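All chains should be built: construct the whole structure from the sequences, respecting the hints.
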Amino acid sequence: MTTTERASAAPATLSARARPLRWIAYAVVAVVLLAIPQFASPYTNLQLTLILVYGVAILGLDVLVGRAGQVSLGQSAFVGLGAYAAAYAFGHGWGPVAALALAVALAGVVAVLVAIPAVRLRGFAFGIITLALPAFAVPLANRLVDLTGGSQGVAVVATTAPEWTGQADDQWRVYLVGVVAAVVFWLVHNLLDGRLGRALAAIRVNEAMAAANGVAVHRNKVLAFTVAGLCGGVAGWLYLIAVQFVSPAILQLNLAVSLLVALVVGGTRSLLGALLGAAFFVLVPNVTDNISPGRSYLIFGICLLVVLFFFPGGLAGALRRLLTWTRHRLVR
Amino acid sequence: MSLLEVAGLRAGYGAAEVLHGIDLSVAEGGATAVLGANGAGKTTLLRAITGGVRRSGRIAFDGTDITARRTDQIARLGVGHVPQGRGTLNRLSVRDNLLAGALLRRNRREVKAGVAECLQLFPRLGERIDASAAALSGGEQQMLAIARALMGRPRLLLLDEPSLGLAPRVTAEVFAALHRLRTESGLTLLLVEQNARIALDLVDDAAVVEAGRLTLTGPAAEIAGDDGVRRAYLGV
Amino acid sequence: MIAVQQIVDGITAGSIYAALALALVLVYRSTGLVNFAQGQMAAVSVYIGWSLVETGLPVWLAVLLTLLISLVIGALTERLLIRRFEGQEPLVAIVATVAVLICFNGLINLVWGGSVRAFPSLFPDDVVSFLGARATWGDVGTVAVLAGTVVILQLFFLRTRLGLALRTAADNPSSARLLGLPVGSLLLVGWGLAAVLGGLAGCLVAPSVPLQPNMMDTILVYALAAAVLGGLDSPLGAVVAAWLIGIVETVAGANIDVIGSDLRIAVPLVLLALILLVRPQGLFGHRDVERL
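Residue numbers (the numbering used here), protein chains in the order written: chain A, 48 to 379; chain B, 774 to 1009; chain C, 458 to 749.
Treat the hints with care, as some may be off.
[What the hints assert, rightly or not] Some chain A residues well away from chain C (every beta-carbon gap over 12 Å; in silico):
1. A72
2. L80
3. N237
4. L330
5. L369
6. T371
[Unchecked claim] Computed beta-carbon distance windows for the label pairs:
7. A:P340 to B:T837: 56 to 62 Å
8. A:V252 to B:L937: 21 to 27 Å
9. C:I609 to A:V334: 44 to 50 Å
10. B:T837 to C:G620: 28 to 34 Å
11. B:E883 to C:G605: 31 to 37 Å
12. A:L238 to B:G911: 42 to 48 Å
13. A:N253 to C:A575: 47 to 53 Å
14. B:R831 to A:S339: 40 to 46 Å
15. B:G781 to A:V252: 33 to 39 Å
16. A:I163 to C:I609: 54 to 60 Å
17. C:W594 to B:R878: 42 to 48 Å
[To be verified] Chain A is faced by these chain C residues, among others (derived, beta-carbon under 8 Å):
18. L538
19. C560
20. N562
21. N566
22. D719
23. L728
24. L729
25. A730
Simulated from the structure, these hints should not be mistaken for lab results. These numbers were taken from a predicted model, which means no experiment stands behind them. Beta carbons are placed, not taken as given, at the ideal position from N, Cα and C, and that holds for glycine.
Pasting the structure below:
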């Protein structure tokens, strides 16, 4: 989604005075973010953790949907798969790293297997086929009771805060999830900075032209799908760490659609957008519930429409415009 | 009075301005060609007249100011526009394409007569009347696009590069039909063309657009005789 | 053993999917987007119909009024909520339709609450026997209404001027404008008609399922599969695909033990996947020609 930015000449460069100001601003923000869990309630910390969890899931989805232009309705299946794999691992005494490896490996394998035939389809056909992922996943989770605990789900104690940190469990989880999420974001960012990113951009704009220009369209689409799946798997592991519980609800189409909506609300093709979208998805329903429980869903829908109407570039796009505006002020 | 009057027209896409103040007029029954290289703004000129791009200045059709009107409103006033790339309705049949051009006309019998006239003008279309427009060749699609525009009985017809992508023989066929149109129905034409030779042969007046500005206007014969034009557009 | 009964049941179910699939195809052809809210809009229609019946109107009149109201709802939705997103990239438009879905769902919960209700049938309850199969008049009526609707739609689109205008606007909106057609108004009509079809689907299925806000969710998935299987821009394709899906789902559900009620939804998706593997453009679709 292209942000409609006011056309101006070259972006205003910061004066020599203002540039160190920017780094100071970043540092302040970082310190504030790192400090929040120390003062926030366990509930707030859980919210923060969930934002990071879904942020990773949305980031992965963005690679497939936002960058490669392939609408997918299956991301929840990968998140759920990762969460169940992690639950299995933790439940059988594996360590966190091994659990993560299992989650990622399973998600990756399923993604590749589904992607190879699926990416031959275009547009909405592809999207509807990805529906099959949650459609199969939920009944499977319900039926394989030995593995998954059936419709009741599985509760595990995934991690507790180590003694030497002096942190409470909820605080520890924010930091742990935050670190892992940061690593994933960094990895995906680097991945997209190179050939894959350019190939996907070409594919999104015009597949036929990309192919004519020598881009291996199928292979790159499979790759994008796999990255989405891998991120989903990681998000699932993170989810289990955060919530300590998994049930078939996480696999549902509902969540897959919500992730897609959150992606657009936050802003496609933007790392910040993934986080903003996750924040919207986690926080706004709580707010609307507080305003009026009976009308919560309706108000949420209206909020969505408002964001889509007024911020076509998503929240990230709006933020970027705001920053550009303030930067112009600073230059003056 | 001129059927079409354009004064101080500026137009463009997004923040970019492509036309920097064009003055043009076409008399009723006349024909004007707009020549120029790729990117000079010829297509933008036609789009501006029918409301397809952001524009400012003054555009008047038969005395009515259409500068701020919507495309469909302008079309209903009697301006036909055959766009670049033909714009045929590819999922519809040839017959449906023609009928679509006459959707705003009430009289069924007249519409039927109109179809017959078009088929007389472009016999090739008659052979393919039930085929899907997508199955037509480039030349046939061009004929279809022109015929469809004619079905609306326009008083002014804008044509955007009718010869684009067509073989010389097919181009000659299309322009022969345009000649017939002029003599038989006195239709006013504004023609944008890269093929200057064949365009100048058809029209009364011509104008040359370069980088969004008119650099030369005058009777076709004069323009054809101009050295600069001969070198740039007539390959002499 | 494939019984005639299963085929009959399959065609009945398929007819419901077909009505909603037709709505999806209509919207796709005219505006180029897939309306994920189509099912929820149909649910709103059904609830309105229920309210009308509650006021004492005979069922057939209530349904007729409902369809008219659906026309208005569809047109207003396009004009006020969707028009903004029509030129934009498909992803944003899809998410906009999801937002509309959420709004309508919330609206139903707000106005009628989430408790389950019952909707009366248009047709008598008796059972009819033929070819060794049994069907209620409701089933027969559903198939008949659907078949009749298809015929009417075909006549409308192919033989009337408004139908031609809608097809023109759907095929090439910018050319349509150059021909003097008020494309915006035509899109409005397209969405209105689609909403009527959705409302019809809802009213046909309503007697046999509990009325709740999510009632059309599963049907939407079937309808999406049918629309895509049919080729997304072919009305005839959507109907044929819907019947096929109905039959396969019923037969598979009855004969293959592994498929319980929870996996039935996977059947059309698997069918879709298999057919699309061989024929990516769907049964009746056109090969997408992407211009360089």
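Hints and how they fare:
1. The beta carbon of A72 of chain A is kept farther than 12 Å from every beta carbon of chain C, the shortest such distance being approximately 31 Å.
2. With 12 Å as the threshold on Cβ separation, the claim that L80 of chain A sits away from chain C holds: the shortest Cβ distance comes to roughly 28 Å.
3. With a closest Cβ-Cβ approach of about 25 Å to chain C, N237 of chain A is found to remain outside the 12 Å limit, as its non-interface label requires.
4. The claim that L330 of chain A lies off the interface holds: its Cβ sits roughly 16 Å from the closest Cβ of chain C, which is beyond the 12 Å cut-off.
5. At the 12 Å boundary, the C-beta of L369 of chain A stays outside the reach of chain C, the nearest C-beta of that chain being 20 Å off.
6. Consistency note on T371 of chain A: stated as away from chain C, and its beta-carbon is indeed over 12 Å from all of that chain's, at 22 Å minimum.
7. In this structure the supplied range 56 to 62 Å holds for P340 of chain A paired with T837 of chain B, their Cβ-Cβ distance being about 58 Å.
8. Our hint of 21 to 27 Å for V252 of chain A and L937 of chain B holds, since their Cβ atoms are close to 24 Å apart.
9. A hinted range of 44 to 50 Å for the beta carbons of I609 of chain C and V334 of chain A is consistent with their spacing of about 47 Å.
10. One distance hint, 28 to 34 Å for the beta-carbon pair T837 of chain B and G620 of chain C, holds here, with the actual separation near 32 Å.
11. Roughly 34 Å separates the CB atoms of E883 of chain B and G605 of chain C, a value that falls within the hinted 31 to 37 Å.
12. Our hint of 42 to 48 Å for L238 of chain A and G911 of chain B holds, since their Cβ atoms are close to 43 Å apart.
13. Remark: the range hint 47 to 53 Å for N253 of chain A to A575 of chain C is upheld by a beta-carbon distance near 52 Å.
14. Checked against the hint of 40 to 46 Å, the pair R831 of chain B and S339 of chain A fails, with Cβ atoms roughly 54 Å apart.
15. For G781 of chain B and V252 of chain A, the hinted distance range of 33 to 39 Å is satisfied, since their beta carbons lie about 36 Å from each other.
16. Checked against the hint of 54 to 60 Å, the C-beta distance between I163 of chain A and I609 of chain C comes to roughly 43 Å, which is inconsistent with it.
17. In this structure, W594 of chain C and R878 of chain B meet the distance hint of 42 to 48 Å, their C-beta atoms being roughly 47 Å apart.
18. Checking L538 of chain C against chain A: minimum C-beta separation of about 7 Å stays under 8 Å; hint holds.
19. Taking 8 Å as the C-beta cut-off, the interface hint given for C560 of chain C holds, the closest approach to chain A being about 3 Å.
20. Hint status for N562 of chain C: holds, given a least beta-carbon distance of 6 Å to chain A, under 8 Å.
21. With 8 Å as the threshold, the beta carbon of N566 of chain C comes within range of chain A, its nearest partner Cβ sitting at about 6 Å, so the hint holds.
22. A hinted interface residue such as D719 of chain C counts as satisfied when its beta carbon comes closer than 8 Å to some beta carbon of chain A; here the least separation is about 4 Å, so the hint holds.
23. A hinted interface residue such as L728 of chain C counts as satisfied when its beta carbon comes closer than 8 Å to some beta carbon of chain A; here the least separation is about 11 Å, so the hint is violated.
24. Because the closest C-beta pair between L729 of chain C and chain A is about 7 Å apart, less than 8 Å, the hint holds.
25. A least Cβ separation of about 6 Å between A730 of chain C and chain A falls short of the 8 Å threshold, and the interface hint therefore holds.
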